[in-house]
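Colleague: Read off the chains here:
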Amino acid sequence: MSGPQNAMPPIPGTHLFDGDAAAKGFELNAMCYSFNDAANRQAFLDDEEAYCAKFHLTPQQREAVAQRSVLGMIAAGGNIYYLAKLAGIFGLNVQDVGSMQTGASVDDFKAMLFAQGAGQSYEEAHGAMIQKEKVHG
Amino acid sequence: MSGPQNAMPPIPGTHLFDGDAAAKGFELNAMCYSFNDAANRQAFLDDEEAYCAKFHLTPQQREAVAQRSVLGMIAAGGNIYYLAKLAGIFGLNVQDVGSMQTGASVDDFKAMLFAQGAGQSYEEAHGAMIQKEKVHG
Amino acid sequence: MAEIVGAYFTSHVPAIGGAIHKGLQQEPYWKPFFDGFHKVHEWLAQVKPDVAIVFNNDHGLNFFLDKMPTFAVGAAAEYHNADEGWGLPIYKPFAGHTELSWHIINSLVEDEFDITTCQKMLVDHALSIPFELAWPDVEAWPVKIVPFAINTVQHPLPSAKRCLALGQAVNRALQSWTGDERIVIIGTGGLSHQLDGERAGFINRDYDTFCMDNLSVDPAALTKDSIHEMVRKAGTQGVEVLNWIAARGALGEAPVQEIHRNYHIPISNTAAATMLMEPA
Amino acid sequence: MAEIVGAYFTSHVPAIGGAIHKGLQQEPYWKPFFDGFHKVHEWLAQVKPDVAIVFNNDHGLNFFLDKMPTFAVGAAAEYHNADEGWGLPIYKPFAGHTELSWHIINSLVEDEFDITTCQKMLVDHALSIPFELAWPDVEAWPVKIVPFAINTVQHPLPSAKRCLALGQAVNRALQSWTGDERIVIIGTGGLSHQLDGERAGFINRDYDTFCMDNLSVDPAALTKDSIHEMVRKAGTQGVEVLNWIAARGALGEAPVQEIHRNYHIPISNTAAATMLMEPA
Ligand SMILES: [Fe+3]
Ligand SMILES: [Fe+3]
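Protein chains in written order, with our numbering: chain A, 1 to 137; chain B, 1 to 137; chain C, 1 to 280; chain D, 1 to 280.
I should point out that these hints are in silico values taken from the structure, not numbers from a laboratory.
Just to be clear, a hint being listed does not mean it is correct.
Not everything, but these chain C residues come out facing chain B in the computed CB check (under 7 Å) [unchecked claim]:
| no. | residue |
| --- | --- |
| 1 | T98 |
| 2 | W102 |
| 3 | T223 |
In silico lysine-lysine, DSSO-like type, Cα no more than 27 Å apart, as pairs [what the hints assert, rightly or not]:
| no. | chain 1 | residue 1 | chain 2 | residue 2 |
| --- | --- | --- | --- | --- |
| 4 | A | K24 | D | K144 |
| 5 | C | K92 | C | K31 |
| 6 | D | K22 | C | K67 |
| 7 | C | K120 | D | K144 |
| 8 | B | K24 | C | K67 |
Please read all numbers here as calculations on a predicted model, not as lab measurements.
In this text, a Cβ means the ideal position worked out from N, Cα and C, and glycines have one as well.
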């Protein structure tokens, strides 16, 4: 893709949902979009394999969904606004999802947010969180 | 509606499908849009009353559809691109629809088009058509 | 002639809806955020708007990637919320102001904005939560709405400059509207936050402060960054500040004063902010 | 670098598809129209395009009034035709050029065009018939496509000036594309016709001639009329000439020469026209 943003220095830990991602992730996002409907959420819970097949997920997408890997889903073109609906099926909120992506516990992820509220920069708060995971993880 | 075009002198015999019309005609156009699907066309043919009820046509719209009045449907907010799909159910093409709206026979409507092809202006060709309808009609 | 009474800006994090539903407004976690709304209630009671022009973004309820508009404008008589996938209670419906919608749509297309016109449009928490915050405990909303949805989902997003211009064009449309409504402008979303990627949890107080300091007095200052730079500074979802920028544009180019500000980190993963502005 | 080989314009009346289907090309009614395509076939065989940028309009197959975009751009890998309500045979599918689509989309949004991006898009007779006319009897289309749908259904329509500017912005996008494709620009629809109202059957040879005479040498001449004036002169559906104007814009601002023209009244209710243009 030759969009103007490709000339830009990348943003660490950040994946823009651009044309490449949108093209790659169409099926996965379509499946997640279907979860606006409660009956579809139930159908996924009843038979995940069949439901994913119905949406023609790519092998990479299917694998990421099976592993509940949010970063894997994003790498496979998933957009967080749609993925959040899949997370909702499992009762996961955006802090759970944040924890899954950062490798920190949910409590440590929350503490990182509070630290920013208390005046730390993201870099300070994030650094402390990662340090803690290393020690306790 | 206070769109800029309202300041314009009206165009005789012409109904712009503007916001007023689009708002007024939504249900009728939604029904006609559904006729892209063959099963829906059949459902309309099987039970016109029930099918119109399903789309909540206004009384004015229902009346115009019942009377097969194209001008009536346009007055009720119908857009010709969608209405053409309703006309298609009855095997009517755009020249049939032209005849219905001008009050001329289909042959005379076609002759009016040929006359423009032969070099007459619309006003001349249309005038002749109307004259003929008066004599024969 | 219609009067623009001012603008109301707020974050719209879904969890806020949960807190309202459970009555947690006085809990220590929520109080610093909800306390920012006393002034909003007071102001709204005083300026008594009857129409709201709302700039927000869809989060995958009404729009999908099959047809993703840059700018969508509602022209419906009613707007409904629906299940967004979390099985939460459905928010109250909104009455549309269709005549004003079409007036604005006509004016915007004349002004070379290539909008998508929506005679049906589901609205999600990005519209409902700011209303729940502004008018708690009402049976029905006291204002009719004209909603705008700005694409903050799929890049390329419209630039901040284009969003400000959109808002300014809406202001011109309102200037030529002959009704006598009292109009409030609403911008929702932001401020800095990032839900996705290894940088999830990113917040940027400095950038948010820059945005809040300049929005009233020099909104063009917010339009100097490219979308890419805005994502870097505000986070992937922090670009929702585009809604604020468009809303600021709709206040017009005459001087505007900030009359209220509240800012609190964190609400969910987000730096939550609330502001009020009035014509100076 | 990619090369723009030229532009092909044609009417797209549904009845043409019926005539092709029934093999009526040599019938007296149809011959004057189909004879205009010998030169098109010859030219395409000579310039050998492998990508087509197509400006056309949806007739109620892909878009409805719930979400009506001013300008929609396809970004799909495949585009399918479907039943348009008349039960006619379904036309062949088209391969999309997704990379070029996204390049153009990025460039257009950067250029402040507020497009709707469509990763799924059904295409109707307005796209299929020009292809059936240009490449009769092929198994599969020899070009990949990037389709544009311009709103000619629901007023307000984009002005002719805005459509020309859209095309010119597409040209800029093509100039910055690093592929080596041979690109043909296609504009479909028109010329003068009116299907609805008491003025149904209206045709205007003088206005069509003005459009065809100026399109190559002075396209801006076609942008002086408001949409309202264009409807007056071209008929309610004659405004499809907006597709031709956008396509002309995509040829760029360097000189262009007309190399072929055919014009015949009537095909169905329409003044049918076919043109070819090349960089001068
Ligand atoms: Fe949001
Ligand atoms: Fe057409």
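Colleague: Does each hint fit the structure? Answer for all of them.
Modeller: Comparing the hints with the structure gives:
no.	hint	result
1	T98	holds (6 Å)
2	W102	holds (3 Å)
3	T223	violated (28 Å)
4	A:K24 x D:K144	holds (19 Å)
5	C:K92 x C:K31	holds (24 Å)
6	D:K22 x C:K67	violated (35 Å)
7	C:K120 x D:K144	violated (33 Å)
8	B:K24 x C:K67	holds (25 Å)
Hint compliance for this structure: hints 3, 6 and 7 are not met, and every other hint is.
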